[in-house]
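Chemist: Required output: the full structure, derived from the provided sequences and hints.
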Amino acid sequence: MALVRVEVKLSDKAESIEAEEGVSVESLLQKLGPQWRNNVIVIVNGRVAKAEDSIHASDRIVIFPLLAGG
Amino acid sequence: MGDPKRDLKILRIKMSNKIILEETVPEALTLLGGRAFTSHWVSSHVDPASAPLGRGNPFVIAPGLLAGVPASSIHRLSVGAKSPLTNGIKESNSGGNVAYKLARLGIKAIILEEIPSEKDFEILRIGPQGATFELASDLLGKGTEESAVGIHARYGKDVAFMVIGPGGEKGLSTGAIIVSDRDGFPARILGRGGMGAVMASKGIKAIVIDDSGTKGAPLADEGRFKKASQNYHKCLKETPQTSEIYTKYGTAAMVDVTNELGGLPTKNFSCGRFVGASKINGKTIYQTILERGGDPSHACMPGCLIRSSNIYVDKGGQPIVRSLEYETLVMFGPNCGIDDLDELAQINRICNDIGVDSIDLGGAIGIAMEAGLLPFGDIAGVKRLLEEVRLDTLLGRVLGQGGAITGKVLGVRRIPAVKGQVMAAYEPRSIKGHGVTFATSTMGADHTAGFTIREGLDSHQKERQVAASARMQVNGMIYDSLGVCLFAHAAVRNNHELLAEMVNGRWGTDLTPPDLRKIAIKALEEERGFNRRAGLGPSTDRLPEIFCEEVNPSSGTVFDIPQSELDELKYI
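Chains W and E supply the protein sequences, listed in that same order.
Numbered per the working numbering, the first sequence spans residues 25 to 94.
Numbered per the working numbering, the second sequence spans residues 59 to 630.
If you are wondering where the hints come from, they were derived from the structure by calculation, not from laboratory data.
Wrong hints could be hidden among the right ones.
[As the list claims (entries may be wrong)] Derived DMTMM-like pairs (lysine to aspartate or glutamate); straight-line CA-CA distance at most 25 Å:
| id | chain 1 | residue 1 | chain 2 | residue 2 |
| --- | --- | --- | --- | --- |
| 1 | E | Lys520 | W | Asp83 |
| 2 | W | Lys74 | E | Glu521 |
| 3 | E | Lys341 | W | Glu42 |
| 4 | W | Lys74 | E | Glu513 |
| 5 | E | Lys580 | E | Glu85 |
| 6 | W | Lys74 | E | Asp618 |
| 7 | W | Lys55 | E | Asp516 |
| 8 | E | Lys72 | E | Glu85 |
| 9 | W | Lys74 | E | Asp516 |
| 10 | E | Lys520 | W | Glu76 |
| 11 | W | Lys74 | E | Glu623 |
| 12 | E | Lys341 | W | Glu31 |
| 13 | E | Lys76 | E | Asp65 |
| 14 | W | Lys55 | E | Glu302 |
| 15 | E | Lys520 | W | Glu50 |
| 16 | E | Lys520 | W | Asp77 |
| 17 | W | Lys55 | E | Glu513 |
| 18 | E | Lys441 | E | Glu428 |
| 19 | E | Lys337 | W | Glu31 |
| 20 | W | Lys55 | E | Asp618 |
| 21 | E | Lys325 | E | Glu428 |
Modeler: Structural data, given as structure tokens:
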């Protein structure tokens, strides 16, 4: 099964993770630490993804912390 | 257990004759702080038809309801008036140490009324013994940096201050007020809506706060406050955003997020992705500051655990600006086609020294670039234009009136402004919730008035964005009124129980989260009512037409939320 590379821009420590082709965003979030599970924004191909969306090998996926202002 | 509300006072100062009245706080106003106070005062005391820089427009200063007592990120300061930029109601708020010291002096609000009979600028000094005036002749025309040195030389290193620069003195609609930070440096900005020009119209160059000898702000129920603040602090410490992300990368952490969404305003909001984004993002700033020996994690107000501010230094380790943050970085960076951090820090410093809103000026210069006055990416040209603003040339005055006026003068169609105020650094076609806030906020195009990205919606879709904005506009009012830094929202979220309990410990009340929302909604409705009476009807609650027609090439989207939905926005 193809693997999907996911950029995780949450801290200095974790840079990327791999996930299986077709996995849901919700499952992807389980790979993150518990402090992040309801605390991130998952952007797939430039758009905010929903928990039930599935991801594919050709997707660009980046996970950011949810920020409160700038 | 005492009642701290009884000892509060409002200073009302008639600038026409310098009569200072110390008034007790009416019961109905005791639980209004910060923005809720300033907006209530303006909406109930100001003729909406009054001239923003005239005698009928008071300048209202109010610390947040929680300011002054020992807890993190709760000492924000609000100022309010009718805005010369939007011609509507305006509140602008900042961190720093002024609200903290005002609260320790038991001051609920300062209200400068009428205008002076002579046009001499003065310094208003407020201390435990009351308020006095001193001539500010030696500071006149000086930038805020030199003014701050003069203030400390005259009043000592421990005072807090608010000061205007040439931008405010000349009555520019982008005139800002610079506020001292925890260390007494001129570093925090009451930037939006021309509040520096309103302060100048009262003949005031600086307000100096001296709380020496005070015992601190009292707590009605110390045990209750301590318990609530411990829970709040635990929340801040356990949330990665408030214990790590903001602390390391500051607000510039947002650059990567908005760029990825196609929402990073680039070249006068013509698109939403910038090739040089990685050169100016939070990580690059953090590493640059660390390598050079600056401070990437600085607290702007006493006791702050988040420490999202920074001291950006040059290659020799000398400070350039306190602090280099997202909005200025983007409005003069991608929006003007510039990706050089050191130059952006210098530009930021110049704006602060002149005392102008870097969001509106960045917007104005981006518009000037689109008009062909200078090319995108022209750093020397940007500095030359800012010098024109400082020198008060004709072109400088046009730019200093903000992006909306600049766009009209230069004949540019793409003017990223609502109610005369330039949009903050979020592209509304790809971050549509922010577009709703820009359109419908009582403040004009202001991001903090209703920050929707945290809601986790697909920002390219129009569905549910109006409700998200409405919810976050209420949330923004709660934070602005309590004086709580919006960044704490990453930890507290909409758990207003924590905040309500801190209020109850501070003031001896029994407020619930619904009470906080009720106060906030009333304040928002007062603001909207003022704007309607001032002539800012529903037709002004719109984004510029071009954002509804021209596709953002970075996201493939336009702002397509129907006007009828904007008109139906209800605070919830």
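Chemist: Between E/Lys325 and E/Glu428, is the straight-line Cα distance small enough, at 25 Å or below?
Modeler: holds, 8 Å
Chemist: Take a quick look at whether W/Lys55 and E/Glu302 sit within 25 Å of each other, Cα to Cα.
Modeler: holds, 20 Å
Chemist: Is the hinted pair E/Lys520 and W/Asp83 satisfied, with a Cα-Cα distance of at most 25 Å?
Modeler: holds, 23 Å
Chemist: Can the restraint linking W/Lys74 and E/Asp516 be considered satisfied, given a maximum Cα separation of 25 Å?
Modeler: Satisfied, since the Cα-Cα distance of roughly 8 Å is no more than 25 Å.
Chemist: Keeping to a limit of 25 Å between CA atoms, is the pair of E/Lys580 and E/Glu85 held or broken?
Modeler: Holds, at about 16 Å.
Chemist: Mind checking the alpha carbons of W/Lys55 and E/Glu513 for me, to see if they're no more than 25 Å apart?
Modeler: holds, 22 Å
Chemist: Given the hinted pair W/Lys55 and E/Asp618, is their alpha-carbon gap at most 25 Å?
Modeler: violated, 36 Å
Chemist: Are the Cα atoms of E/Lys341 and W/Glu31 separated by 25 Å or less?
Modeler: holds, 15 Å
Chemist: Holds or violated: are the alpha carbons of E/Lys341 and W/Glu42 at most 25 Å from each other?
Modeler: holds, 23 Å
Chemist: Does E/Lys520 pair with W/Glu50 here, judged by a C-alpha cut-off of 25 Å?
Modeler: holds, 23 Å
Chemist: Below or equal to 25 Å on CA atoms is what counts here, so check W/Lys74 against E/Glu513.
Modeler: Answer holds: W/Lys74 to E/Glu513 is near 12 Å, not above 25 Å.
Chemist: Given the proposed pairing of E/Lys520 with W/Glu76, does the C-alpha separation stay at or below 25 Å?
Modeler: holds, 19 Å
The structure does not agree with numbered hint 20 stated previously, though it agrees with all others.
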